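Colleague: Listed below, chain by chain, are the residues.
There are 2 protein chains.
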Amino acid sequence: MTAAPPARLLQALRDALGAAAVLTDPDMTEGYAGDMMPLAPRGRPLAVVLPVDTAQVRACVRACAEAGTPIVPRGAGSGLTGAANAVDGCVVLVTTRMNRILELDLDNRLAVVEPGVVNQDLRKAAARHGLFYPPDPSSLDWCTLGGNLATNAGGLCCGKYGVTADAVLGLEAVLADGSLLRTGRRTVKGVAGYDLTRLFVGSEGTLGVITRATLALKPLPAAPGTLIASFDAVQQAGDAVIRVVREGLVPSLMEIMDATSLRASAAYLDTDLGGAGQQALLLCQSDSGGAAADCELAAMERLCQEAGATFTHTTRDPAEGDLLLRARRVSLTALEAQGAVMTEDVAVPRTRIAELIAGCEKIGAAAGLTVAVVGHAGDGNMHPTVLYDRTSADEFRRAGEAFDAILALGLSLGGTVTGEHGIGKLKQEWLERELGPVAMRVHRQLKAALDPGNLFNPGAVFSPAEAGHDTP
Amino acid sequence: MTAAPPARLLQALRDALGAAAVLTDPDMTEGYAGDMMPLAPRGRPLAVVLPVDTAQVRACVRACAEAGTPIVPRGAGSGLTGAANAVDGCVVLVTTRMNRILELDLDNRLAVVEPGVVNQDLRKAAARHGLFYPPDPSSLDWCTLGGNLATNAGGLCCGKYGVTADAVLGLEAVLADGSLLRTGRRTVKGVAGYDLTRLFVGSEGTLGVITRATLALKPLPAAPGTLIASFDAVQQAGDAVIRVVREGLVPSLMEIMDATSLRASAAYLDTDLGGAGQQALLLCQSDSGGAAADCELAAMERLCQEAGATFTHTTRDPAEGDLLLRARRVSLTALEAQGAVMTEDVAVPRTRIAELIAGCEKIGAAAGLTVAVVGHAGDGNMHPTVLYDRTSADEFRRAGEAFDAILALGLSLGGTVTGEHGIGKLKQEWLERELGPVAMRVHRQLKAALDPGNLFNPGAVFSPAEAGHDTP
Numbered sequence: 003m004t005a006a007p008p009a010r011l012l013q014a015l016r017d018a019l020g021a022a023a024v025l026t027d028p029d030m031t032e033g034y035a036g037d038m039m040p041l042a043p044r045g046r047p048l049a050v051v052l053p054v055d056t057a058q059v060r061a062c063v064r065a066c067a068e069a070g071t072p073i074v075p076r077g078a079g080s081g082l083t084g085a086a087n088a089v090d091g092c093v094v095l096v097t098t099r100m101n102r103i104l105e106l107d108l109d110n111r112l113a114v115v116e117p118g119v120v121n122q123d124l125r126k127a128a129a130r131h132g133l134f135y136p137p138d139p140s141s142l143d144w145c146t147l148g149g150n151l152a153t154n155a156g157g158l159c160c161g162k163y164g165v166t167a168d169a170v171l172g173l174e175a176v177l178a179d180g181s182l183l184r185t186g187r188r189t190v191k192g193v194a195g196y197d198l199t200r201l202f203v204g205s206e207g208t209l210g211v212i213t214r215a216t217l218a219l220k221p222l223p224a225a226p227g228t229l230i231a232s233f234d235a236v237q238q239a240g241d242a243v244i245r246v247v248r249e250g251l252v253p254s255l256m257e258i259m260d261a262t263s264l265r266a267s268a269a270y271l272d273t274d275l276g277g278a279g280q281q282a283l284l285l286c287q288s289d290s291g292g293a294a295a296d297c298e299l300a301a302m303e304r305l306c307q308e309a310g311a312t313f314t315h316t317t318r319d320p321a322e323g324d325l326l327l328r329a330r331r332v333s334l335t336a337l338e339a340q341g342a343v344m345t346e347d348v349a350v351p352r353t354r355i356a357e358l359i360a361g362c363e364k365i366g367a368a369a370g371l372t373v374a375v376v377g378h379a380g381d382g383n384m385h386p387t388v389l390y391d392r393t394s395a396d397e398f399r400r401a402g403e404a405f406d407a408i409l410a411l412g413l414s415l416g417g418t419v420t421g422e423h424g425i426g427k428l429k430q431e432w433l434e435r436e437l438g439p440v441a442m443r444v445h446r447q448l449k450a451a452l453d454p455g456n457l458f459n460p461g462a463v464f465s466p467a468e469a470g471h472d473t474p
Numbered sequence: 003m004t005a006a007p008p009a010r011l012l013q014a015l016r017d018a019l020g021a022a023a024v025l026t027d028p029d030m031t032e033g034y035a036g037d038m039m040p041l042a043p044r045g046r047p048l049a050v051v052l053p054v055d056t057a058q059v060r061a062c063v064r065a066c067a068e069a070g071t072p073i074v075p076r077g078a079g080s081g082l083t084g085a086a087n088a089v090d091g092c093v094v095l096v097t098t099r100m101n102r103i104l105e106l107d108l109d110n111r112l113a114v115v116e117p118g119v120v121n122q123d124l125r126k127a128a129a130r131h132g133l134f135y136p137p138d139p140s141s142l143d144w145c146t147l148g149g150n151l152a153t154n155a156g157g158l159c160c161g162k163y164g165v166t167a168d169a170v171l172g173l174e175a176v177l178a179d180g181s182l183l184r185t186g187r188r189t190v191k192g193v194a195g196y197d198l199t200r201l202f203v204g205s206e207g208t209l210g211v212i213t214r215a216t217l218a219l220k221p222l223p224a225a226p227g228t229l230i231a232s233f234d235a236v237q238q239a240g241d242a243v244i245r246v247v248r249e250g251l252v253p254s255l256m257e258i259m260d261a262t263s264l265r266a267s268a269a270y271l272d273t274d275l276g277g278a279g280q281q282a283l284l285l286c287q288s289d290s291g292g293a294a295a296d297c298e299l300a301a302m303e304r305l306c307q308e309a310g311a312t313f314t315h316t317t318r319d320p321a322e323g324d325l326l327l328r329a330r331r332v333s334l335t336a337l338e339a340q341g342a343v344m345t346e347d348v349a350v351p352r353t354r355i356a357e358l359i360a361g362c363e364k365i366g367a368a369a370g371l372t373v374a375v376v377g378h379a380g381d382g383n384m385h386p387t388v389l390y391d392r393t394s395a396d397e398f399r400r401a402g403e404a405f406d407a408i409l410a411l412g413l414s415l416g417g418t419v420t421g422e423h424g425i426g427k428l429k430q431e432w433l434e435r436e437l438g439p440v441a442m443r444v445h446r447q448l449k450a451a452l453d454p455g456n457l458f459n460p461g462a463v464f465s466p467a468e469a470g471h472d473t474p
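Protein chains in written order, with our numbering: chain A, 3 to 474; chain B, 3 to 474.
In case anyone wonders, no lab produced these hints; they're calculated from the structure.
Computed from a prediction, not measured in an experiment: that's the story for all the values here.
Hints are supplied without guarantee of correctness; some may be wrong.
Copies of the same chain are indistinguishable here, so a pair counts whether it falls within one copy or spans any two.
[Unchecked claim] Within a straight-line C-alpha distance of at most 27 Å, the following computed DSS-like cross-link-like pairs (lysine-lysine) qualify:
#1 K126 with K162
#2 K364 with K126
#3 K220 with K162
#4 K364 with K220
#5 K162 with K364
Please model the complete structure; the sequences and the hints are all you need to start from.
Modeller: Following this line, the structure appears as structure tokens:
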């Protein structure tokens, strides 16, 4: 790359956004060059831009398109696949300054937001009016809705309330030529044309920059009641999950922890979490309120006992419930306290959870490493986490092999290589393996149709054109 | 078109499907040339083919692609926009013989089906195991799931349970080159790549032929309790809807009927439906069961009374509930008994329902015609129906003008021109008006990427390329 075009591009960006919103000092841009997944490749950006409105985003896109400089859109950077990682010489477009809740329509139960709004800020604003924005990724206190939309983020609530995509009514996005696309609607239902909204949600910034979203809200549910159940065998906990689903119950939360993650959380919290021998813990909640919650919790407790639980405890006290959930909430932090981690995101049919956990234990043993499993049992989305010593190149290699073996296991159980984190710059070969050549060709055709110059987030999700593939 | 290519194509189709599955006699093909919307244009097909499996669909697509002959896919033909109407010289591909429920996975609450399965057949099969397939278009006893998928069909349940798209986990579809695309997954969650499933759902057969679907099932809800409420003014009924939504209630059904439709149903059923003076009727159900249903029904009754209802009645007896719902269920038949009808499908924000109904009355008065309104108040999807004398060209013209005026009114209220029926070959100009030029350009780019030869359902939803538009 010659010096002149970047200089012209930088000047155009400064003219459009003001000099203070265009960062080029590597000490400053470094902080915007990657997300929370250290294993994914990350490059050095030419610049980081912080637009404050849609007009500035459009100006950035036009300037970059003219210069042929790729754009990597990002929010807060809480992602776990490197989807927001910079590529060399790119412009990182940060949406965190576009952080207004533009509208809360209580009577139609919807919100209109800019992409930089922090997930929890919308949750709190909605809750003040008795409304509920369900998607609750673990990073909800700092991740942005734009990032949630780009990755179709999940969370703990998904078994009952769905993922981010299920809460989106419409979007506004800037396309590769700088034009502004509006998708969807404000109505509950609508079938006018292709579902462009869902095409953009989860596309990880490869098709455009989302600058606004219309989100559906739900009535705020009752404070949850909580059940915990301990098991002497993972298979029994898996059986309990199957029984809960078969009984027609839809818990508002159903998390599973294996023995390794339980030990890590117990050590971190300095408590025994109810016994040294337990091999698995199920944490279940009902937010149905009143007698309905009593019924659901009692039914789940009975089913856990029938599946062989050695200990169960139910509480309707939300504070006690929070306390019980702490073991799950701190699990990743607790594991990180023991060493470096690679966190997986496979989702399997709910009937295969126990097999996945047992398989992860075997994979860990074969690799000579610890693999801990926690996950969203209510929807089958598991987060096996491989522990390794970051100072050992050999352990790092074996951890990577175990990581791959877990993905292969997930696929072999009828699952997917990513339940909620996405593909990013980490799992592209696995996407090809999961989807096969026809679906990958369709991906490339769609990308070529909407972003022929490969302006947006090149290197994320898939390579637009590959040797041997014709891209029209 | 010369004679030779059709002959070669017909031979290829007969070779692939057997002669009995390739209809060319106009007396027989006529029955497959259109759906239930007489106003949309329909052509004369070259042939109608009835494949029995995916391999036969692929053979048909390849043969038609080679001959340059368009394919119009269809199910039972219950559509209301001409989406499945033949174009001259096309091959109509009927999926009704592909009608197997391939799998009911009770533990993972999902079904795998062929496109020709009748909606109600899946509902019944699922219900035998305590499971529920929610989407319930009015034609559920004869419409097929393939058509439901192609149009993203709705129904009465949508306010609580969503539309067809919300029940789809994955698809198999034959693309324009005959290749077989598999989208989605069997897991509850998954974010591997673009949401191709949702791109195909609602695309009205313009991107490929859906040959298989994996559908999510829900636990079968309790038998519904029913509330009816009469109002002296439409505004009061609209106010009751707003109060129900604001209270955080999610009725499993909430239908509205205006005075005209009430009179028509009363005449058809030969009953007074609770009084001559009523201007609007709300029908609400709760399927939450037990005390929860009692609570919901009592709250809705109170809110209706606070909004000014002159009469309310609640029953937990499902048979009585069915009887109360009859007025709504027969409404279109009752209107058809009075003359020819044009049925609309606008959806508006739930706060604007009363304005829409009042506006429809004005539009009817201005046109010198009767406009009756029934609709799904729970999601704002209204079906204003224009009555006219089919023997009068002048009335037909005025009815068409009223139809257009209702669409314009729906858009002006922040709504969409189609809540659940689709665009088909009826509302293409209105799609452009609703979506605007950027979204239309994106539609054309996507269509060109996946079906560059315009093989699938040409003339439906939008014109692939228009004068003044560059299609890449």
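Colleague: Now tell me, hint by hint, if it's right for this structure.
Modeller: Against the structure, the hints:
1. Within a single copy, K126 and K162 get their C-alpha atoms as close as 20 Å, and across copies as close as 24 Å, so both meet the 27 Å cut-off.
2. When the C-alpha separation of K364 and K126 is checked against a cutoff of 27 Å, the pair qualifies neither within a copy, at 43 Å, nor between copies, at 42 Å.
3. For the identical chains of this complex, K220 and K162 are neighbours both inside a copy (12 Å) and across copies (11 Å), given an alpha-carbon limit of 27 Å.
4. In this assembly of identical chains, K364 and K220 lie within 27 Å of each other by CA distance neither inside one copy nor across copies; the values are 42 Å within and 34 Å between.
5. Neither within a single protomer nor between protomers do K162 and K364 lie at most 27 Å apart by alpha-carbon distance, with minima of 31 Å and 43 Å respectively.
Comparing the model with each numbered hint stated earlier shows that hints 2, 4 and 5 do not hold.
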